[in-house]
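Colleague: One-letter residues, chain by chain:
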Amino acid sequence: MHENPILRISTKILFAPIILFGLYVQFHGDFGPGGGFQAGVIVASAFILYSIVFGIDKGTKLFPSNINLILLALGGLLYGGVGIASMILGEEFLSYNILGSSPQSGQHIGILLVEFGVGLTVSNVMIALFNAFVGFKSGKDK
Amino acid sequence: MISELIINAFLVTIMLAVAIALLKTRTVIFTIILTSAYSLIAALMFITLDAVDVAFTEASVGAGISTILFLAAMAYLPKEEEENLNNQLLPFLTCFVLGGILIWCSYDLPEIGLVSSPIHQHIVPDYILGSRDDIGIPNIVTSVLASYRGYDTFGETIVVFTAGVAVLALLKNNKETGKQNSKKSKRKVG
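The listed protein sequences derive, respectively, from chains A and B. Count the first sequence with this note's numbering and you get residues 1 to 142, in order. Count the second sequence with this note's numbering and you get residues 1 to 190, in order.
If you're looking for bench data, these hints aren't it; they were derived computationally from the structure. Here a beta-carbon is modelled for each residue, glycine too, at the ideal position from N, C-alpha and C. Just to be clear, a hint being listed does not mean it is correct.
[Claimed, not checked] Here are the simulated lysine-lysine pairs, DSS-like style, with alpha carbons at most 30 Å apart:
hint, chain 1, residue 1, chain 2, residue 2
1, B, Lys24, A, Lys12
2, B, Lys24, A, Lys58
3, B, Lys24, A, Lys61
4, B, Lys79, B, Lys172
5, A, Lys12, A, Lys58
6, B, Lys79, B, Lys24
7, A, Lys12, A, Lys61
[Stated by the list, open to error] Label-pair ranges, simulated between beta-carbon atoms:
hint, chain 1, residue 1, chain 2, residue 2, range
8, B, Ala9, A, Leu74, 16 to 26 Å
9, B, Leu93, A, Asp57, 49 to 59 Å
10, B, Lys79, A, Ile70, 35 to 45 Å
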């Protein structure tokens with residue numbers, strides 16, 4: 001698969017648009033269908049496609065697994081952090097009203113950050129799972 | 001109305017055909033591809049029910065990423081499933097009776113989209129009006145998911161996180177023991 005020029009070039013062409021579409025789904029979730037879960041999966045699929053076509057070594061070079069694991073935890077922390085932030089500002093856990101100048105803008109900021117946290121966790125869990133499955137094989141072969 | 005009926009009949013027929021093919025196939029890769037196709041048809045059915053968010057999730061998660069993960073996991077499975085030689089009468093009867101009961105119960109369900117049904121009376125009007133007045137975003141699903149039901153989504157995120165970490169821990173652990181074993185066996189050979 002590493003030698004096939006059609007796959008290599010189409011992956012290179014598709015990689016950026018897939019991530020762009022993921023970001024669109026992520027940040028357009030307030031206005032249309034979409035949100036963190038779907039966007040996370042779409043972004044992850046771009047990296048997995050890259051790993052499938054160019055090999056897992058180049059894939060982990062593009063997206064190192066230690067950064068992957070840090071971002072995996074950071075998504076959940078971001079979600080919880082938004083909740084804690086609203087508690088510190090004097091509201092209940094995950095009450096976004098206090099985060100902005102008006103209740104509505106507070107809700108907008110809260111939802112945007114929370115969805116971003118979901119997207120981070122989901123995409124990195126998917127990439128980490130794929131890498132784990134593929135890496136497991138090379139561990140067995142050694 | 002009639003076009004809706006035709007589309008639904010078409011989707012149900014394909015779904016049934018895929019399900020029967022799934023039962024018949026014994027090759028692992030066909031099973032994975034057919035499961036993906038099944039998810040895709042389910043996504044189309046969600047679109048006919050106007051549940052675009054659910055359809056999007058089903059298409060991207062059910063048909064997309066889980067197929068890739070299954071394919072990645074397939075490398076460790078035998079290529080063909082073993083033929084099941086046990087008596088299949090009891091499972092068949094169980095499925096038949098259970099399916100019959102479910103279909104029978106479905107006649108008591110309120111019509112899809114009926115405004116006077118209980119599910120649209122309890123808290124849904126508050127969410128629909130609140131999404132416009134209190135939160136100010138057009139997609140009600142997002143406002144329910146991230147704001148009204150923020151606790152649940154937090155739980156879901158933690159579940160995804162925990163599941164991912166658990167699988168990573170399992171696979172990593174196996175890899176290390178595998179290495180140890182091979183080291184031991186090399187020592188024995190040496």
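Colleague: Are Lys79 of chain B and Lys24 of chain B close enough, with their CA atoms no more than 30 Å apart?
Modeller: holds, 15 Å
Colleague: For the range 16 to 26 Å, tell me whether the beta carbons of Ala9 of chain B and Leu74 of chain A fit it or not.
Modeller: The hint (16 to 26 Å, Cβ to Cβ) is violated, given that Ala9 of chain B and Leu74 of chain A are roughly 47 Å apart.
Colleague: Are the Cα positions of Lys24 of chain B and Lys61 of chain A separated by 30 Å at most?
Modeller: With Cα atoms ~42 Å apart, Lys24 of chain B and Lys61 of chain A exceed 30 Å; violated.
Colleague: At the C-beta level, are Leu93 of chain B and Asp57 of chain A separated by a distance inside 49 to 59 Å?
Modeller: For Asp57 of chain A against Leu93 of chain B, whose Cβ atoms are near 52 Å apart, the range 49 to 59 Å holds.
Colleague: Lys24 of chain B and Lys58 of chain A: Cα distance at most 30 Å?
Modeller: It is violated: about 39 Å lies between the C-alpha atoms, which goes past 30 Å.
Colleague: Can the restraint linking Lys12 of chain A and Lys61 of chain A be considered satisfied, given a maximum Cα separation of 30 Å?
Modeller: holds, 16 Å
Colleague: Has the hinted range 35 to 45 Å been met by the Cβ atoms of Lys79 of chain B and Ile70 of chain A?
Modeller: This hint holds: roughly 37 Å between Cβ atoms.
Colleague: Next pair to validate is Lys24 of chain B with Lys12 of chain A; report whether the Cα-Cα distance is within 30 Å.
Modeller: The given pair, whose Cα atoms are some 38 Å apart, is violated under the 30 Å limit.
Colleague: Are the Cα positions of Lys12 of chain A and Lys58 of chain A separated by 30 Å at most?
Modeller: holds, 13 Å
Colleague: Checking one constraint from the list: CA of Lys79 of chain B to CA of Lys172 of chain B, max 30 Å. Satisfied?
Modeller: Judged against 30 Å, a Cα distance of about 24 Å means the pair holds.
In this structure, the hints that do not hold are numbers 1, 2, 3 and 8, in rising order.
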